[in-house]
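The lines below spell out each chain.
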Amino acid sequence: MAFGRSDMDLSLPVTLSHSLKHEIIMEEQKHHIVEYLTNIKIWIALAVLTILTVWVSEFDLAMLTVTVALTIATVKALLVLAYFMHLKFDSKILIIMVIVTMIIFLSMIIFTFFDYLYRR
Amino acid sequence: MSTNSQNTVEHHPAVHRDDTAKKLGMWLFLFTELILFGGLFLVYAIYRYLNPEDFSNGSHHLDVGIGALNTMILITSSLTVALSITAMQKNKPKLAIGLILFTIFCALLFMINKYFEWGHKIHYDLYPGTELFKALSPGEGLFYVLYYFMTGLHMLHVVVGAILLGIMANYIRKGMITHDNYVLLENGGLYWHLVDLIWIYLFPLLYLIH
Amino acid sequence: MTTTTLPNYLEDKQGKKGLMVWLTTHDHKRIGLMYLAALTIFFIVGVFIGILMRLELFNPGKDIVDPQTYNSLFTLHGVIMIFLFVIPGIPAVFGNIALPLIIGARDVAFPKLNLFSWYLYMFGAMLALGTLLVGDGPPDTGWTFYAPYSVKTGTNVTMAVFAAFILGFSSILTGLNFIVTIHRMRCPGMSWFKMPLFAWALYATSWIQLLATPVVGITLLMIAVERMLGIGLFDPALGGDPVLYQHLFWIYSHPAVYIMILPGMGVISEIIPTFSQRRIFGYKAIAYSSLAIAFIGYFVWGHHMFTSGMSGPARVIFSILTFLVAIPSAIKVFNWLATMYNGSIDMKPPMLYAMGFIFLFLIGGLTGLVNGALAADIHIHDTYFVVGHFHYVMFGGTGFAFFAAMHYWFPKIWGKMYNIKHATRAFWVLFTGFNILYFPMLVVGIMGMPRRYYDYLPQFHLPNQISTVGSWITVIGLVYMIVVLIQGMRKGEKAERNPWHGLTLDWQTDSPPTLENFEEIPTVNEGPYEYK
Chain A
1 MAFGRSDMDL SLPVTLSHSL KHEIIMEEQK HHIVEYLTNI KIWIALAVLT ILTVWVSEFD
61 LAMLTVTVAL TIATVKALLV LAYFMHLKFD SKILIIMVIV TMIIFLSMII FTFFDYLYRR
Chain B
1001 MSTNSQNTVE HHPAVHRDDT AKKLGMWLFL FTELILFGGL FLVYAIYRYL NPEDFSNGSH
1061 HLDVGIGALN TMILITSSLT VALSITAMQK NKPKLAIGLI LFTIFCALLF MINKYFEWGH
1121 KIHYDLYPGT ELFKALSPGE GLFYVLYYFM TGLHMLHVVV GAILLGIMAN YIRKGMITHD
1181 NYVLLENGGL YWHLVDLIWI YLFPLLYLIH
Chain C
2001 MTTTTLPNYL EDKQGKKGLM VWLTTHDHKR IGLMYLAALT IFFIVGVFIG ILMRLELFNP
2061 GKDIVDPQTY NSLFTLHGVI MIFLFVIPGI PAVFGNIALP LIIGARDVAF PKLNLFSWYL
2121 YMFGAMLALG TLLVGDGPPD TGWTFYAPYS VKTGTNVTMA VFAAFILGFS SILTGLNFIV
2181 TIHRMRCPGM SWFKMPLFAW ALYATSWIQL LATPVVGITL LMIAVERMLG IGLFDPALGG
2241 DPVLYQHLFW IYSHPAVYIM ILPGMGVISE IIPTFSQRRI FGYKAIAYSS LAIAFIGYFV
2301 WGHHMFTSGM SGPARVIFSI LTFLVAIPSA IKVFNWLATM YNGSIDMKPP MLYAMGFIFL
2361 FLIGGLTGLV NGALAADIHI HDTYFVVGHF HYVMFGGTGF AFFAAMHYWF PKIWGKMYNI
2421 KHATRAFWVL FTGFNILYFP MLVVGIMGMP RRYYDYLPQF HLPNQISTVG SWITVIGLVY
2481 MIVVLIQGMR KGEKAERNPW HGLTLDWQTD SPPTLENFEE IPTVNEGPYE YK
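Residue numbers (my numbering), protein chains in the order written: chain A, 1 to 120; chain B, 1001 to 1210; chain C, 2001 to 2532.
The hints are simulated quantities; they were obtained by calculation from the structure and are not laboratory data.
Treat each hint with caution, since some may be false.
[Stated by the list, open to error] In silico SDA-like pairs for lysine to any residue, Cα to Cα no more than 20 angstroms straight-line:
#1 C/Lys2416 to C/Ala2037
#2 C/Lys2112 to B/Leu1164
#3 B/Lys1090 to A/Leu49
#4 B/Lys1090 to A/Leu106
#5 C/Lys2112 to B/Leu1184
#6 B/Lys1094 to A/Glu35
#7 B/Lys1023 to A/Val34
#8 B/Lys1090 to A/Arg120
#9 B/Lys1134 to C/Lys2112
None of the values given here were measured: they were computed from a predicted structure.
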């Protein structure tokens, strides 16, 4: 029998399959529930931030335009990640993996800019 | 395991289930999607840096209203898919299915908006290959190329996500997703939230930075 | 352990017949063997193309092919060897076969996805080889597909990049599978730091497969779209920059070389302690160094672009980081040697290939540093010095590690043993031929001979002739090695369960294993190399 797989279909004598078949869940699944209201509050926050980012874009912030826009976007993204995608309530390992992925992605951009920023 | 006299194998019938593994697998796949789009974001960043005015001009030609509307549509669709998981956890499969169908409806609205948005530009000959396009300054041409490429690739993911959610709704209907076995729905939701996340960055970068 | 009357995995056909036993399997061992069968064929095709190239280079001027054909030859040689052999190589074959065994699991986390990865691999391979047969001929851009030529050339570039895209997907899914497997399916008692080092190597490799491959995926998609729609992303006339293509390409392709070498190092880390009958020296250092190489490896790609027009600061940063990434590799080499010191060395073929690896990888690694030095690189970029360097690391390194793994796990896979004497001789022929083939390249590269050139100046003639002769000896060695192994498969003597007296879990179960690997999932309570 395969640990960790509920999709393995080994042939069983038919007479035995009903009486003996049972499921073992690998661990106590922490059934953390994000309540309806919590989700709706997050949605409200996201809507407000969307309105905010559109409103801010009306002003000429010169050098800061990109920074402000990306900051607001990142706050929205963090809300989606933490609550809708349940990261806040999941294993810490997932959070570390998300962070490592973002570090690597951002480094790709930063290191490429080392080229373009300093070209004569 | 034991063998009987006919030397056939009788396996213990316990079926082990590992929801954490399935969820981890889905997150890992999401990382690849992030980096896939990330390559386009990198190209966008470099070319914006090299052509600030042209990108700003290009951005002015996009309709902030439609963009903002689409953002709200996707955010709402993320809400409803998150709510569907809560519903499933509280053993309300019919509500869950309803919420998923609403999510898919949001996806359709998004697609219709995109259709009009692209259609408008194509109607005015503003796409790669036309005389008008060739007459654009290079930076502005790049902006539109990236606009089509990034929103197009995103659109593809909207379609895939909607199909996945449709399949999940069907699984609930067939009892393959239940109130204590719903990791597949969570995974479908995760994919959908990724689609939302990408748009959360696409919207300001394409529509709002000018 | 009690002996069992259960069939082994090769005999256990699960009610299926003929090819369907293989094509619909979920068993990681069969999937690994399917990769092996396909890979061997592609490797042979790649070697054959290499032989043709070396024949053409025997003399200056035309020998057997015209220049256009020569360009396609080196392109396909690179595409086949890199995407169909070296990158998938050890993870797809030995990762699949051995990873569940060494961590005490019955299979990988997602067996069906594993089979799907194989089908993607085959589909991508068919597309890649199909470029030889259809349309306007095989690509002639070099395996790197640099813009602007890759956008303009009439050859089958679009098909080739789609092939690479599909193959990339296969690589990503394999990496995903292994990460989840290692996180979730280690047997009871096997904490992270009781895991064999091959598993650590595969773990680090899988993270590179997962996070780097999508970049080349989107980049190749850009090339395809640019060819089809003329969008101008890399065309200066339309505002684009061809150097940006190089950045995007190498952001993947440099980490890709660590996908190639890390699993090989993992194999060596298994073989050295077993054939020295000593605990590995510096287990944690080796484990961490795998992660360090994977991580730092993301930040050195610019060393492929020193002469491309990148800014000065960028060049300096990339060069420094390139030197930094050599350190963890050096740590491994020192630790392997320290493990062997005072050990009871058994010079069986796996150990020969492992020691061959250390010697050849050392040359490859050191020549890598020469390439990484900014001033030196001006002279040797795009010369045969680079060609010599990467063959030493990719073939002398990963290739020899692959052969080492073949000889190491052979009795586990087939339950038989090959002829040790002939395997040993084959090794020496191969090792000798290899150095005669590639060392002259280092010399002629410094003398100034450019790579990817159909023709060359008369002063480069002798080293080229020596190298070509070396290619013939290498091929003889390869053929000898393969024949020995096939004979072992067909007629080898029955092997005992643990012929190398290894302590890892793969050697504590039957040779060949049953379908489910272990009668009962083992529990471990000590590290994997506690030789007494």
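Results of checking the hints against the structure:
Straight-line distance between C-alpha atoms of C/Lys2416 and C/Ala2037 comes to about 18 angstroms, which keeps the hinted pair within the 20 angstroms bound. This hinted pair checks out: C/Lys2112 and B/Leu1164 have alpha carbons roughly 18 angstroms apart, not beyond 20 angstroms. Taking the CA atoms of B/Lys1090 and A/Leu49, the gap is near 30 angstroms; set against the 20 angstroms cutoff, the hint is violated. Taking the CA atoms of B/Lys1090 and A/Leu106, the gap is near 39 angstroms; set against the 20 angstroms cutoff, the hint is violated.
For a cut-off of 20 angstroms, the pair hint linking C/Lys2112 to B/Leu1184 stands: about 16 angstroms separates their Cα positions. A C-alpha spacing of about 17 angstroms is found between B/Lys1094 and A/Glu35, which places the hinted pair at or below 20 angstroms, so the restraint holds. With a C-alpha separation of about 17 angstroms, the suggested pairing of B/Lys1023 with A/Val34 holds against the 20 angstroms cut-off. Restraint check for B/Lys1090 and A/Arg120: the C-alpha separation of about 62 angstroms exceeds 20 angstroms, so the hint is violated.
Proximity of B/Lys1134 to C/Lys2112 is assessed by CA-CA distance (about 48 angstroms); at most 20 angstroms being required, the pair is judged violated.
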